[in-house]
Amino acid sequence: MREVICIVCPRGCRLQVDETSYAVTGNHCERGADYGAQEVKAPTRTLTSTVRLTGSHILRRCPVKTNGTIPKALMLDAAKALDAIEVSVPVHVGQVLVENLLGTGVALVATRAINE
Amino acid sequence: MKHYQLIVIGGGPAGLAAAIAAWNAGLREVLIIERDQVLGGILNQCIHNGFGLTHFKEELTGPEYAGRFIDQLAQTGVEVKCDTMVLQLTQDRQVICTGPAGYEILHAQSIVLAMGCRERTRGAIQTPGDRPAGIYTAGTAQRYLNIEGYMVGKRVVILGSGDIGLIMARRMTLEGAKVLACVEVMPHSSGLTRNIVQCLHDYDIPLYLSHTVTDIRGHGRLEQLVVSEVDANRKPIPGTEMIFDCDTLLLSVGLLPENELTRMAGIEMDPRTNGAVVFENNETSIPGIFSCGNVLQVHDLVDFVSAEAIRAGEAAATYVLHPGEGSGEVLTVGPGLDVSYTVPQRIRPAQAGAGVEIFFRVRRVTGSAVILVRCGEQVVAKFRREHMAPGEMEHIRVPKALLPQGPAHLEVSIEEAAQ
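If you read the protein sequences in the order shown, they are chains A and B.
Everything in the first sequence is counted per our numbering, starting at 1 for the first residue and increasing by one.
Everything in the second sequence is counted per our numbering, starting at 1 for the first residue and increasing by one.
Any given hint might turn out to be false.
Straight line, CA to CA, 16 Å or less: simulated EDC-like cross-link-like pairs of lysine to aspartate or glutamate [claimed, not checked]:
1) B:Lys2 / B:Asp130
2) A:Lys72 / B:Asp202
3) B:Lys382 / B:Glu357
4) B:Lys57 / B:Glu223
5) B:Lys57 / A:Glu30
6) B:Lys178 / B:Glu223
7) B:Lys178 / B:Asp202
8) B:Lys81 / B:Glu104
9) A:Lys80 / B:Glu175
10) A:Lys72 / B:Asp204
Since the hints were made in silico from the structure, they are not lab data.
Put together the whole structure using the sequences plus the hints.
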C-alpha cells in the first residue's frame, strides 16, 4: 500500500493505492481513483508555462499548457523546450503551438486570447 | 454626471461575475471600472491550472478561466472602462475616477465592490537584517515571470507557505532556478495540500514548518538568509540557525483586501476580515453598496469568488429593480471557539430565502469535528466535518427554519470529537 495525496481537486484526499492491483481507496470521486492508480504506475502532470510572443503592444509572453498530462520525469525538459517556441498575434485559446511535445503525443496549446 | 444602475469597481474574477449576473438579472446600465489595461485581474498572471473545477466542471488555467468570463461579458451590453482608477467612492454612490477619458464623476443606483487584494509585504511582517535587492512578494515575482518575461533570481528561498508562494516554487524551478526551501512560521501550511504535493514534493523542495527568517544579509543584492526554528509562541530558538546562500527571497505571507475606497465611503468594516461587514446578500452597511470576492474575504479558490460575486451581482439587481425589500429583523453572526471570522456578519431572516450560507475559517487543524451554530446556550444547527484546516475556507448552510426569531446573535464554533 502506498499513500498518495490526490491533486485532482483542492479537497486533497489521502488515497491508499495497492502497488500490484492499483486498487484505490480513500477517494471521494472517480477521478481520484484514476489519479491514484496512474500516480503509482507512472506519474504524469500538466505543464503550464509561457512562450515568446511577438506583435502585441501590451504583452511579451503568451501563456501555454500541455493539452493533457505528460510524464512527470519530462517536466523540466519540456519546460526547457518551450524556450525555442514563438507565437505572434492574433492568438486564440486552444491554438496548437506544438502538436507533439517531446514525443509525448500531447500538444502544447495557448491559454489566452491575445488580439493586439 | 453620468448615471448607471450599477457600477462594479474591479474587473477581476469577482467584478466580471458580478456584472454578468446583474445583467442576466435584468440591469441594462452596468459599468465595470478596471485599473489595469485589460480585464481578468490576477488570473492573467496565474498561468497554472486547477481553476474552474467547481464552476465549469473542468480544469482550466487562470487566463482560460478569466477568458470564459470575458467572452460571456462580450455577449452583454455591460460597459467597460479599463486603465481607469477609482479615486473616491461616496456614501451616496458617486464614483470619482480618472482614466483615458479624464477625470469623471459618475453616479450609480448600486455599487459592487470587487477590488480584490494586494500582498502583505516585508514591512508588514517586519523581517530583520539588511535591505538588499532580491526580495519580492511572490505575486510580484509571478507578474515579472509570467507577464513581463523576466526571471527574478537563481537561488530562491520562499517565506510563507501560501498558495502563491508554493506555485512560484514550482514555476521558478521549471524556469531553471534552484528553490532551496519553503519556510513557514506556523506549525501547519497555509496553502492547499495539493499544492504542497505538486509544487514542493514533486521537485524535492523542503518545507520547514515552525521556522522563520531571522536575518537577511547582502550588499546590493541578497546573499544570505538565516532561518531559525520557532517555539510555540513563534519566538526563534537560539542554536537552530540554518544559513542559505541565495539571491532571492519570495514572500508569500498573506493578502490584504484593498478596502481604501470602502473605508472612504464610511462603510462599517470587520477587523477580523479587513473587509466590509455584510448582510446575507453581500450588502454592506450602506444600502445599495455590495462587496464580494477577495476584497470581502480572502478566498482559496476563484470558483468560490465567482459564486459569491454572482450572489452580489444578483442582489444589486434586486436592489435596483425591486426596491424596498431590504427590511426586517437583523441577526448578528460572529466567531466562537477556534473560528477566526464569519461572512456574513449580519442576517435578515426575511430576506434569507431557503437558508443562509455562512463562510468562515477555523484557527487550527482538526480531525473529526462538529461545527456548532449557537444562539445563546441553545445549539441551532450542527454540521460534521472529517477534517478542517485554517488554509481551507469552510461553509455551512443554515436552513431558514432553524434561524431564531427576532434580534439575536449567532455564534459559529467548532468542537473536536473526543479521541
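- Query: Checking against the hints above, which ones are violated?
  - Reply: 1, 4
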